[in-house]
Each structure stands twice: as C-alpha cells, then as structure tokens.
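> Please model the entire structure based on the sequences and the hints provided.
Chains as they are written, first to last, in full-length UniProt numbering: chain A, 1 to 552; chain B, 1 to 98.
Everything labelled a hint here was simulated from the structure, so no lab data went into it. Don't take each hint at face value.
Derived CB-CB ranges, DEER-like [claimed, not checked]:
id, chain 1, residue 1, chain 2, residue 2, range
1, B, Pro59, A, Asp319, 54 to 64 angstroms
2, B, Ala43, A, Tyr247, 51 to 61 angstroms
3, B, Ala43, A, Arg25, 50 to 60 angstroms
4, A, Tyr247, B, Thr24, 27 to 37 angstroms
5, B, Thr24, A, Asp110, 27 to 37 angstroms
6, A, Leu160, B, Ala43, 32 to 42 angstroms
7, B, Thr24, A, Asp284, 41 to 51 angstroms
8, B, Glu50, A, Asp21, 19 to 29 angstroms
9, B, Glu50, A, Phe161, 54 to 64 angstroms
10, A, Pro296, B, Gln67, 55 to 65 angstroms
11, A, Asp315, B, Thr84, 46 to 56 angstroms
One side only, chain A facing chain B, incomplete, derived with CB under 10 angstroms [to be verified]:
id, residue
12, Arg26
13, Leu27
14, Asp30
15, Leu49
16, His50
17, Gly81
18, Pro96
19, Phe366
20, Ala368
21, Glu433
Subject to a maximum C-alpha distance of 27 angstroms in a straight line, what follows is the list of computed DSSO-like cross-link-like pairs (lysine-lysine) [to be verified]:
id, chain 1, residue 1, chain 2, residue 2
22, A, Lys478, A, Lys545
23, A, Lys309, A, Lys248
24, A, Lys37, A, Lys99
25, A, Lys190, B, Lys35
26, A, Lys309, B, Lys35
27, A, Lys478, A, Lys246
Source: prediction; values computed, not measured. Note that beta-carbon positions come from the ideal geometry of N, C-alpha and C, so glycine has one too.
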Amino acid sequence: MYRYDEFDEAFVRERVAQFSDQVARRLAGDLDEEQFKPLRLQNGVYLQLHAYMLRIAVPYGTLSSRQMRKLAFIARNYDKGYGHFTTRQNLQFNWPALKDVPEILGHLADVEMHAIQTSGNCIRNVTADHFAGVAADEVADPRPYAEILRQWSTIHPEFLFLPRKFKIAVTGADADRAAVRFHDIGLQVKRNEAGELGFAVWIGGGMGRTPMVGYQIRDFLPEADLLAYSEAIVRIYNLYGRRDNKYKARLKILIHEGGAETIAAEIEQEFNEIRYGVLRLPDDEIRRIETYFAAPDYPTRASESVPFKRARLADPAFDRWVGNNVSPHRAPGHAIVTVSLKPIGGVPGNATADQMDAVADIAERFSADEIRVSHEQNLVLPHVALEDVKAVYDALAAAGLATGNAGLVTDIIACPGLDYCALATARSIPVAERISERFGNPERQQEIGPLKIKISGCINACGHHHAGHIGILGLDRKGEEFYQITLGGSGDETASIGEIVGRGFSTDEVVDAVQQIVDTYIVHRESSEESFLAAYRRLGPAPFKEALYGTA
Amino acid sequence: MDIITANRLSDGAVVFLTASGWSTRIAEAQALEGKESVAAALARAAADAEASIIVEPYPVDVERRAQGLTPTKLRERIRAQGPTVGHSKDLHLQVQAA
Ligand code: SF4
Numbered sequence: 001m002y003r004y005d006e007f008d009e010a011f012v013r014e015r016v017a018q019f020s021d022q023v024a025r026r027l028a029g030d031l032d033e034e035q036f037k038p039l040r041l042q043n044g045v046y047l048q049l050h051a052y053m054l055r056i057a058v059p060y061g062t063l064s065s066r067q068m069r070k071l072a073f074i075a076r077n078y079d080k081g082y083g084h085f086t087t088r089q090n091l092q093f094n095w096p097a098l099k100d101v102p103e104i105l106g107h108l109a110d111v112e113m114h115a116i117q118t119s120g121n122c123i124r125n126v127t128a129d130h131f132a133g134v135a136a137d138e139v140a141d142p143r144p145y146a147e148i149l150r151q152w153s154t155i156h157p158e159f160l161f162l163p164r165k166f167k168i169a170v171t172g173a174d175a176d177r178a179a180v181r182f183h184d185i186g187l188q189v190k191r192n193e194a195g196e197l198g199f200a201v202w203i204g205g206g207m208g209r210t211p212m213v214g215y216q217i218r219d220f221l222p223e224a225d226l227l228a229y230s231e232a233i234v235r236i237y238n239l240y241g242r243r244d245n246k247y248k249a250r251l252k253i254l255i256h257e258g259g260a261e262t263i264a265a266e267i268e269q270e271f272n273e274i275r276y277g278v279l280r281l282p283d284d285e286i287r288r289i290e291t292y293f294a295a296p297d298y299p300t301r302a303s304e305s306v307p308f309k310r311a312r313l314a315d316p317a318f319d320r321w322v323g324n325n326v327s328p329h330r331a332p333g334h335a336i337v338t339v340s341l342k343p344i345g346g347v348p349g350n351a352t353a354d355q356m357d358a359v360a361d362i363a364e365r366f367s368a369d370e371i372r373v374s375h376e377q378n379l380v381l382p383h384v385a386l387e388d389v390k391a392v393y394d395a396l397a398a399a400g401l402a403t404g405n406a407g408l409v410t411d412i413i414a415c416p417g418l419d420y421c422a423l424a425t426a427r428s429i430p431v432a433e434r435i436s437e438r439f440g441n442p443e444r445q446q447e448i449g450p451l452k453i454k455i456s457g458c459i460n461a462c463g464h465h466h467a468g469h470i471g472i473l474g475l476d477r478k479g480e481e482f483y484q485i486t487l488g489g490s491g492d493e494t495a496s497i498g499e500i501v502g503r504g505f506s507t508d509e510v511v512d513a514v515q516q517i518v519d520t521y522i523v524h525r526e527s528s529e530e531s532f533l534a535a536y537r538r539l540g541p542a543p544f545k546e547a548l549y550g551t552a
Numbered sequence: 001m002d003i004i005t006a007n008r009l010s011d012g013a014v015v016f017l018t019a020s021g022w023s024t025r026i027a028e029a030q031a032l033e034g035k036e037s038v039a040a041a042l043a044r045a046a047a048d049a050e051a052s053i054i055v056e057p058y059p060v061d062v063e064r065r066a067q068g069l070t071p072t073k074l075r076e077r078i079r080a081q082g083p084t085v086g087h088s089k090d091l092h093l094q095v096q097a098a
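What follows is the structure in structure tokens.
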C-alpha cells in the first residue's frame, strides 16, 4: 500500500504545528475571522450550519485498518460518534470544536493522514476507481498514477491559487467506476496496439450549476508524459480561466467559452514545450511507485469454493447480498466485497465509530488490512477469499452493515443538504431516507434492478444528481423545499447528464413521483434484463412525463 | 420580530444573543422589535465578534408560536433545533435538554 515518504511526514507535521499556532492566535483574538478563514479552509475546516466541519483526505480512497481505527477514535472522542463518507472519497466530521482541531490533526498525522487539499482553489485530492488493483476487468492499477499526481500536485507552487478548484480522477478499466468524464482531468489507463501503457484523457468535465461531460482530448497519452501533459492542462487553465466570476471559473467553462479545439491546441503547444523537461516520468520511478501498491500475496486458491456455494444455497439473504455486493476479483478464489453504508431508511454514507472499528477488524482478518472508500459513499473490502465471504457477511451483519443493496434503488447517494450544509437550499438526507424506506423490500429492489438515485441539496451538485439515473435537486421555492427531478444521467463510460423531466415536486410529493417513475419503467421495459437507464435511453422522457403530469 | 444568531468561535455551536450574552437555546434569545433595536443588538454582536467570542452574527426573522420563538425560515429552524435526521439528531436533543 501507499507509503508516506519522509518528505510527507515532515511536511504534514509542520502543517499541524503551524495550524495549531494559528488556531491559538485566533482563539486569543490575535487573528480575526477574515485573516483566519483562508487558513482554516486550507486545513479542511469549514463552518457549517451547526458547527465546524473537518474534511479529511483519503487519497484515492485507500485506508488501512489502523487508519480506520483512528477515524473511529476521533469520531468517538471529538465528534458525536460517527463520520460521513462523501462522494469525493473523503470523510467528514460534522461536529468538531475548533479548539480541538489541531489535536485531531495530530492524531491523523500519527497514521499518515491529513486534511490538506480538501478545500480551496487548488488541485484537490485525486480520486480513483474503488476497485483499483483488484478488479477483474482492469488493464492496470490506476493508483500509482494517482500517487504520482498527488506528489506532483501537493503544494505545487504554481497551482496554489487557481481560478477555482480542480479535480482529477483515474481509472484503470473500461467500466468507469470513478466518473472520470465528470472531472477537470479524467484519465483511463489503457494499452495501445504495441502493448504500451498510457491514458485516454478527458478534460473539462464537471457537475455544479453547469454540468458538462468531459471533452476527450487524447485517445492515448504515453505513460511517461502524464505529468508534463497534466501540467500543460493546468497551466493553460491557470492562464485563461476566469477569475471575475466564481460560477464561470471552472475549466469546463473555459472549454465551453473558448472552444474545445482552441483550448486543446493551446494545451498541446504548451505540452510540446515542456514534454522532454523535468516532468518526464522515468520508467523506473513509475515501477518503483507501483511497488507501493503491490497486491498482497494471494495464496493459490481454486476459482470456486464449495462452502461458499453451500452457504449461498442455505441462506437466501446471504445469497442476495452476494449477488449485489460481491464483485469479481482478478485473483482466482477471491472476491471484492462492497460494504453498504445505505441501511434501509438510514443516512447515506454515515458510519458510527463502532462500525468503523468493526470494518477495521474485518479488514484486518479477511482483507489484507485494506479498506476502500467509494465515491458512491460505500466501503469496499478488496481482498476477500471466497471461502471467507460468509464469515465477512456474518461479521458485517453483527455490525449492522450487511445491507445487500449495492447498485440498487436504495443505494442512494445524498449530500448533507440543509440538515448540515450552510449552502443548501433544501434537505437531501430525509428524501433519501424516505425513498429508501419506500423501496426497502428486498424482492422489490431486486425486481427493479440496477438504478442509481442521486440527491443534491443545492445547485452545487455534491450529490452528483446530474449523473443519477434518477437525479433529485433540492431547491427553495418561496421558503418551501421543492425538488426537481432529472432522468437519464450517468457517471459511467456512457456518461450523460440527466434531463429535467418537468416541474418540481414538494417534499410530500417527491417520493411518490420517484415511485411513479420506477413503476413506469417496470411497465415499459422490454424485459427484466433492460435496466432503467437503457429503457430511458430507448424510450425518452415521454412516458415518464405522462405518468407524472398526465401529458406527453 | 428578529433575534440575533451567530456561531461560537471556540466550538462552532449555534448561539443566540440574549440580554446579557449568548445562549445555545433559542428560548433565551432576546426578541427584537423594530429596526433600531435590531441595529443596536447587531452592534453588540459585532463587538463580540471583534472580541473573538462569536463569528458571523446576523439577524433572523422569528415568530412567537406555541413552542416559543420560532424562525420563519426552515434553514434557521434547523440551525436552532439541530439536524432533522440522522445520528446527531437524538444526540443534539439530549444536549439541548441537558
Ligand atoms: S450540493 Fe449543496 S447542499 Fe449539498 S453538500 Fe454540496 S453545497 Fe451543500
């Protein structure tokens, strides 16, 4: 797994000491809020509706058991006993006291964690496919590249004050589980015809008030050019990106206003000038960083397990859970387990301190000490032997974590919304909870099949509603919450932005509206093999409009 | 009718301006009628912001309802009463009752 090098260790400790001093000066009144606010944001501390919020980076979503236990410790001792996993593969604590934050950051530094690059107009923490390194369909592990990008972007002197935040995601498979087409830079590791490694590159994707699917600028970028090319992209953005209007400051707007081909030509020109400079990646360096991510030594196992099969036959709930939450692993006899943080009727993405400890224990025993955080607000155990899957399930069930709904209608993404977020226009969590309850019946969910519902509490779209098969955006209409529904969005390799189906719905109406949409799909689908998204793409919005509003 | 709210600097807690200082309970907030009393209260709040006791003070429109002073806007009701859902809801109510 990723190792902290000495530079990082010293740098993080120094930042903790510096911030402790800044907090002390703020509390003593030697710094005023105007001076202090940018400093706290640089350290991941926001002021939300009820309290401060601390956002902790989980680089490319990879955690060790030791790190997870530390998060549990912090949740218990400095927060209200839980944490919230976000769509950026981060963890947010909703209730830390400012005076405690330096101490919390000290605890995090003890396990090589921090809150740097989780806010502000810099290159944010790089995200990656949560199945990285183990997925059966993967060309190569994307995390070494994510790590190279992390090292390059951490306090990059030229890029600390970009026009706006900048997000990079990397995946290593054709099936896009990292939504790379919705990032400022999206990378897909691939091989060319000669068998060499490189990347397909998308730029200028994003959600927010102006959602855009990224523009594919390269079909194949050689591996060695990763940093020079990224530098060229960020430079052109830094040079031309708008600073006069924060709603028009992201790369997507530059590309939209400047024209994709013009901007691409500028990037290529900049790239050609720096291509053979210091940023060229030496092969041995890439291979060295790959060793940080070396997979555990999997014992040789048969590709099938008789006890596993028997357990599936004996226990229908386990069988259903396996069907939804267990994914194919590249090593024979192994599996990837998704730990759903979406209990029926619960808060998407929340885990209590006890649950974090339980997952840490299970990972230590059964998953080579490793845990992943997915952008779908679930956890992943990446290295489970098929034979152990039942024991993992039982242990998860004991911790209230065995909900078998990964990828189904109740596996809802929701941002914190108006229950916590200072920017929100409406609540998202209660809507998620009510939809989850409405569709909670396991047979019903199974019948509906794969369906992604994503909910945001304002136009900033942290809940990725634009990429939801059913997207829900909470707005404020004359002091009342109301919800706009979009259909047909997708964050995968067939990325698309959902289309507004019609006028919005009140809090009381919105769950019924979702049910009508689902019922309409069931009636119109060609067979149970045709997913909601496929059916919507075939049918278009008309039958859904008719069901909702009585007009075609 | 207005009250003044802010967040406490040291821990971020939602607080309300009372006759003599700040309280985490909206019931103890000083109800303000008329522009002048709001302006005077905001001036007191600004002094406390300057003194690093609270941050970001602002007035909130409230009504007197059966359950006491109640903000007219949902956002401010949630700020006053805590999250309407989730793990912190029950804890928040316990803290408020303590
Ligand atoms: S989408 Fe809006 S309400 Fe939700 S977390 Fe983001 S800023 Fe807050």
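> When the hints from earlier in the document are held up against this structure, which numbers fail?
2, 3, 7, 9, 11, 19, 20, 23, 25, 26
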